[in-house]
Each structure stands twice: as C-alpha cells, then as structure tokens.
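Colleague: If you use this note's numbering, the sequence shown corresponds to residues 68 to 455, in order.
Treat the hints as calculated values from the structure; they're not laboratory data.
Pairwise CB distance ranges, derived in the manner of DEER restraints:
{"hint": "1", "residue 1": "E257", "residue 2": "E222", "range": "22 to 30 Å"}
{"hint": "2", "residue 1": "A312", "residue 2": "E149", "range": "41 to 49 Å"}
{"hint": "3", "residue 1": "E257", "residue 2": "D310", "range": "53 to 61 Å"}
{"hint": "4", "residue 1": "E121", "residue 2": "G194", "range": "23 to 31 Å"}
{"hint": "5", "residue 1": "E257", "residue 2": "F382", "range": "52 to 60 Å"}
{"hint": "6", "residue 1": "G194", "residue 2": "N105", "range": "29 to 37 Å"}
{"hint": "7", "residue 1": "E144", "residue 2": "Q82", "range": "26 to 34 Å"}
{"hint": "8", "residue 1": "G104", "residue 2": "G262", "range": "27 to 35 Å"}
{"hint": "9", "residue 1": "R435", "residue 2": "E393", "range": "30 to 38 Å"}
{"hint": "10", "residue 1": "D207", "residue 2": "E320", "range": "49 to 57 Å"}
{"hint": "11", "residue 1": "E144", "residue 2": "D404", "range": "50 to 58 Å"}
{"hint": "12", "residue 1": "E257", "residue 2": "E182", "range": "25 to 33 Å"}
All C-beta atoms, glycine included, are put in the ideal place defined by N, C-alpha and C.
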Amino acid sequence: MTRSNWSLPETEVVQRIHERLDAAGTDVLATIVDVEGNAYRRPGAKMLLDDAGEGVGSITAGCLEDDLLAAAESVRERGRPELVTYDLMEDDEDVWGLGVGCNGIIDVLLEPLTETYRPAVEAFADGRNVAVLTVLEGADGPLGRGDRAYYHPKEGRLATPDGEPATDWPAALSGPAADLAERGRADVVELESDGELEVFIDGLAAPSELVVFGTGHDVGPVTELAAKNDFRVTVVGFRGGVDLADRFPDADETITTSPAAVDDELDLDDRTYAVVMTHNFVDDRLTVEQLLESPVPYIGLMGPRERFEEMLEAFEDEGRSFEEGELSPLYTPIGLDLGGGSPYQIAHSIVAEMLAVSNDRTPRHLKRREGHIHDRVTVDSKEGAPSQ
68 MTRSNWSLPE TEVVQRIHER LDAAGTDVLA TIVDVEGNAY RRPGAKMLLD
118 DAGEGVGSIT AGCLEDDLLA AAESVRERGR PELVTYDLME DDEDVWGLGV
168 GCNGIIDVLL EPLTETYRPA VEAFADGRNV AVLTVLEGAD GPLGRGDRAY
218 YHPKEGRLAT PDGEPATDWP AALSGPAADL AERGRADVVE LESDGELEVF
268 IDGLAAPSEL VVFGTGHDVG PVTELAAKND FRVTVVGFRG GVDLADRFPD
318 ADETITTSPA AVDDELDLDD RTYAVVMTHN FVDDRLTVEQ LLESPVPYIG
368 LMGPRERFEE MLEAFEDEGR SFEEGELSPL YTPIGLDLGG GSPYQIAHSI
418 VAEMLAVSND RTPRHLKRRE GHIHDRVTVD SKEGAPSQ
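Input sequences plus hints: build the corresponding full structure.
Modeller: Shown next, in the form of structure tokens:
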C-alpha cells in the first residue's frame, strides 16, 4: 500500500468505504476490535482492502498491513468474516520475521464489505452518530459471527441493516451502544444470551466541526492540518472578492457573510470549534462576542495578549462585561507553546490545542504520563455506563 493511502484521515477512510459499496469487486474491511497491552491504534481503527491488493487506512504503524492483505484473500474466497489475532508481545525476529515488538495483542475482524455496512457510512456522511454492532461469537443463539445491527441515538433503538427492529438482539446492548456512539469509541461487550454472546460495538461519532474566521494565507495551513485530523472545516470570510473555495481546497465548506450574521449562518453547537484569525480588530471583536454567546467549547483567538486586553476595554466602553466563567472557552494567545514560528509550526500548535480540548487532555509530554498512552474504555453491559 502507498504511504498516502496508509495515512488517510479516518473521515476519508469512512468516505472511501462508502464509495466502494457502489463499486465492482469484493473489498474486505479490517477493524481492530480488541487490544491487550499496547498498540499503535485502538479498537475501531479501520483498513479497507480491495481485490487489487491495495489498502486504504491503517491499523498499525505499518507492521501488519501487508500481512492483512494476504489474510483478506482468505476472507474474500470464503465469503465470511474471520477474527485474526496478532501477538506482538515478542520483541524478536520470530514474529513473522518482523521484529515489531509493540507489546500488545491485537484482535482484527476481517469481513467482506457488503450492504450491511451502508447504514453506518450514510449516517456518518449525514453528520449523525451511529453505533455498529457486529457479532464476534454467537454460541448457540440465533446470532452468528458477522451478524450486524445498528443503534441510532435519535431513534433510540436497535435496528437491522434494513431498518427493521432487531428483535434477535438483546435490549441490554442499547445502553453501551448509545454511549459509544456519542463518544465515538469502541468496545467488546459480552452477554449471556442463549449462551455466551460477544459483540463488538463500534461507535462512529460525527466529525467535530471547525470554523475558521479569516481569509489570509495563514488560514491555509490551519485548514489543511485540521482536515487531516478529522475535523470538518468551514472557512468564513467577511469580505467579498476572494474565491474561498479555490484558496482553501481542504475546507469542506466556505461562507462569505458578516460578523453580525455569524449566528444565523452557522450551526454553532458543543461539537463546534472556532478559530478567529481575521487580523481585523473590529471583525475579531464582533465575532468573538457572537461565539461567546454560543455553546462552542473552544474559541481560539489569534493575536497577542495585549490585543485581547484592548478588546476587553472596547467591550467595556460599550457596556459589555464578561464574568470569568464566560471567558473559559476562549484561548488567546491561540495555540500550545511549541516554540515554532513558521506558518505550519503555528498551525500545528493551534490544531494540537484543539485536539487537547476535544479529547479533554492537559497537554504535556507523554514521557510524564503514567499508564497507557490511550485511554481504555470498558462498558458495563447491564448499566450501559463506561469506566476508564
């Protein structure tokens, strides 16, 4: 597989899966369903393998992708799912001669890509959260490996790929499915239902939205890096005469409006992140005021601290003051202190700060983090409550 195919953002991998459902050939979808110990990716990571021997997406740092291409041939020939386990605990050349030594055991579900996956990619494309439930082990009950159901949070029920009520599926799965769909996380749930039932629940949360206010050339690197980090990006300009779509090809949408109309033009919710970098004091101030009255969790404002102090004075002159809590979503000067000064280095610091906020992390060196790098997610199938 090519480097560019391996490094595609997760949003593009799901989009590619959507496209391949309508293409000729038999593709195989590989999904990490469980990890014991350490691994490069977490449960839910996907790789699409086509019958031409090409792969899209990644589940490791490149250690297993070629081996999975070969394993996919078996799945393609048999026409049924297989669960493959890779033990990477050994740090020597005896592990397929690779010497990968990731210190983890990875379970990967390989399955023919069929119409049963369409509800997932269509919900994702529409910006709706969804949980994909796939049977790993069905024991003596009516469900067997590869059987699939969906949980759509807005409908609040389990459904078959055809949209019918999933009557064969235990209702106890609804709680974990709702939680994982909302958080975009994945886990394996075990139940006693006509024997032991093991179900992989893959939550596909709609991508977070990033709205960048500004049309300067420094917006380009922010837009590009944010898109590669699975944000759905909208660029907003306040002046005409600029072809925003041409200038910012990585943006999913471009809008030309005025600061006073921001709330009318945009759907600002708690999954929306905003970066204000118009470099125009009045435009910035009016935009920040609109954003502070919305539920967005992150407002990054470009410029030095002194400039924001001037902005607060301008608000005061107009009789507008802010309680300390009102300013908690505002990050200015924008970005993490990474020490860089070039356009892409600045963009990296901005996107890194957004990722830290969206993942509820306090930025620090990983060498100072105790335990696993990635948070572990487990779900109580009876209560539907996660614990970490």
